[in-house]
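There are 2 protein chains.
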Amino acid sequence: MAVTIRDVAKRAGVSLGTVSRYLNGYRLREENRLKVEKAIQELGFKQNIIAKGLKSNRSMTIGVVIDDFTNIFCTSIVTAIERTVEKENYSIILCDYEGDTEKLEQKLNFLRDRFVDGLILFSNNVRLSIMDEYIRDGIPIVIVNEDIPGFNTDKVLVDNAGASFRAVERFIHSNHTKIAIINGPPNSWVSQQRFEGYKQALEAYNLPVESRWIKYGNFTTVGGYLAAKEFFEGADIPTALYVTNYYMTLGAVMAIHELNIKVPQELSIIGFDYFELSDVIKPSLTVIEQPTSKMGEIAGNLILKRIKGDYTGYPEVHTLHTRMIVRDSVRAIS
Amino acid sequence: MAVTIRDVAKRAGVSLGTVSRYLNGYRLREENRLKVEKAIQELGFKQNIIAKGLKSNRSMTIGVVIDDFTNIFCTSIVTAIERTVEKENYSIILCDYEGDTEKLEQKLNFLRDRFVDGLILFSNNVRLSIMDEYIRDGIPIVIVNEDIPGFNTDKVLVDNAGASFRAVERFIHSNHTKIAIINGPPNSWVSQQRFEGYKQALEAYNLPVESRWIKYGNFTTVGGYLAAKEFFEGADIPTALYVTNYYMTLGAVMAIHELNIKVPQELSIIGFDYFELSDVIKPSLTVIEQPTSKMGEIAGNLILKRIKGDYTGYPEVHTLHTRMIVRDSVRAIS
DNA sequence: TTGTATGCGTTATCAC
DNA sequence: GTGATAACGCATACAA
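Protein chains in written order, with this note's numbering: chain A, -10 to 323; chain B, -10 to 323.
Where hints are given, some of them may not hold.
Each pair may be met inside one copy or between any two copies, as identical chains are not told apart.
[To be verified] No more than 27 angstroms apart at the CA atoms, straight line, and that leaves these computed lysine-lysine pairs for DSSO-like:
id: 1; residue 1: K92; residue 2: K76
id: 2; residue 1: K41; residue 2: K188
id: 3; residue 1: K251; residue 2: K44
id: 4; residue 1: K(-1); residue 2: K188
id: 5; residue 1: K92; residue 2: K188
id: 6; residue 1: K35; residue 2: K218
id: 7; residue 1: K92; residue 2: K41
id: 8; residue 1: K251; residue 2: K218
id: 9; residue 1: K271; residue 2: K218
id: 10; residue 1: K167; residue 2: K251
id: 11; residue 1: K218; residue 2: K167
Hints are computed from structural coordinates only; laboratory data are not their basis.
Work out the full structure, taking the sequences as your base and the hints as a guide.
If you want it as structure tokens, here you go:
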């Protein structure tokens, strides 16, 4: 039914092997090259990537596992990964595990059954034994965003602690002392690092780290909303608020609007990754921007490099820097 | 390297064919079945899905093309699709085309080169000639959400006009006459249908359809924000606002909060798909909820059915109903 | 029921 | 350089 390399050979009057060699970039006698090209044109031949995979043990697919399809931070990176790997004709099989460790491991097995040539993993919440099976089969792994500290492989991370430090420092330079943080879940490496930066900044300026200024929003919009509400319901109110991811920032802003708190007059705020509304809402928020495109590009190129068998510099750990986009939500107090 | 069916056969002391048949659910003599199962266990054998695909002409993958990885409405459906098809051991290759028709067609070709067994398409913006190639190759197509009216295939749609009608009717029953709509791009079938319902409702109650109450937000948060701003900047202000998707609703709410407009005292509002904040923001919004899980499930089962060669009822067009979740954002005026 | 042999579309290893 | 041929891992028609 589909036209094969054999059909092309017949049409071109050469052998099957010659066509195969042509397709794989070997040199042919000029005359044959033209005949083969002509035949391919006329027959509309396309290589069968599956058959190719059978021989070469390559599926030309890369498994990408993220927490949740609906997480815009992850999917932004995935967009860049896809753009990068498709250039070399790889496609990605994207899976989410909805925060369920059980499901995550099931997906990792699933991907292995499909002979993915590489794995890009957004998670720190996985048993190393499964990863070892990948290693054993020689399938390269790149970890993105969330680190698994004990696990030795290529990683594309963000300088979370540094980002937090600079955010909090900015508040301190503006004379704030009641600096609250809405952080992600404590078992997340990212959360831990972001908290670490918060703590280090306070300590660097001899300010106390007080539990009343620390709340957890589970990296969700609802969580951020509720945490912000709690902060402003009591008598003891922070003057500065640092929110450590996009969804919680969204939720916190909703809460603040609803409570009719003036930003930055009554509250200074620094958020994270304010994708869609960046330049639109008033007052425009000062946010920490993560280089999602770059992360995806690096992760994509890294996995391609390893798939090709190039293990120079292994393990590469890229720690990318964030950028603070200064807008109008931070005010100096007296 | 990997353990093959041949290894299993040798270990079990049966022929390769016997093992193959076992794997494909044929009956074996009890004694042989046990031997084969034992061998599979001991060797940790796993079928090579790629080799299998070469024979059966099945890739066990389904191509899913959405507009944008970061669109939560689409990804919610995709989550359900994936959950459905993975039960039958299919995986999905998810592509986005970022609103670029050129890129969309490129992706469709890409997926065809990978021998996807089926295609699930979220778009109305594609040349039929490409689809015809799928048809010709016998690859089933299911269209989700956006309809391509001239194109005859299985579809999973939403009763957009009906949803709009009931939303606007609700406003009318509450004595509103200045009913504004923030709609998506006019070239989208979904937009057209949602506008149609808006129009029909007004006409049904002998109210005029006025262009001053119609704005376009391009289905984006920023678009919704800007459109809402425009509505409330002039002297001529609507008393009711209907926003036709999630992102625009988010943006509109931001604008409304920022302008300090009281809901529902000064403005009644009905939005769409208020995923994350549904029960959280105050006043809680009355929204139209689309059955994303169900859409994904139906689309997944439909494509599986067609892949199996079951073309009963073709073409099936499922038009699902939305649900209005009534909360506190609509108020009757005198 | 089972074993044998052939083929799926491609790559790779031979001689030539 | 090129052509013939044997794999890759599996499914299946056929004979037994």
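Evaluated hints:
no. : hint         : result
1   : K92 / K76    : between (30 angstroms within a copy, 13 angstroms between copies)
2   : K41 / K188   : neither (54 angstroms within a copy, 55 angstroms between copies)
3   : K251 / K44   : neither (65 angstroms within a copy, 67 angstroms between copies)
4   : K(-1) / K188 : neither (72 angstroms within a copy, 62 angstroms between copies)
5   : K92 / K188   : neither (34 angstroms within a copy, 46 angstroms between copies)
6   : K35 / K218   : neither (59 angstroms within a copy, 52 angstroms between copies)
7   : K92 / K41    : between (31 angstroms within a copy, 25 angstroms between copies)
8   : K251 / K218  : both (14 angstroms within a copy, 19 angstroms between copies)
9   : K271 / K218  : both (20 angstroms within a copy, 11 angstroms between copies)
10  : K167 / K251  : within (16 angstroms within a copy, 31 angstroms between copies)
11  : K218 / K167  : within (16 angstroms within a copy, 34 angstroms between copies)
Consistency note: the structure conflicts with the earlier hints numbered 2, 3, 4, 5 and 6.
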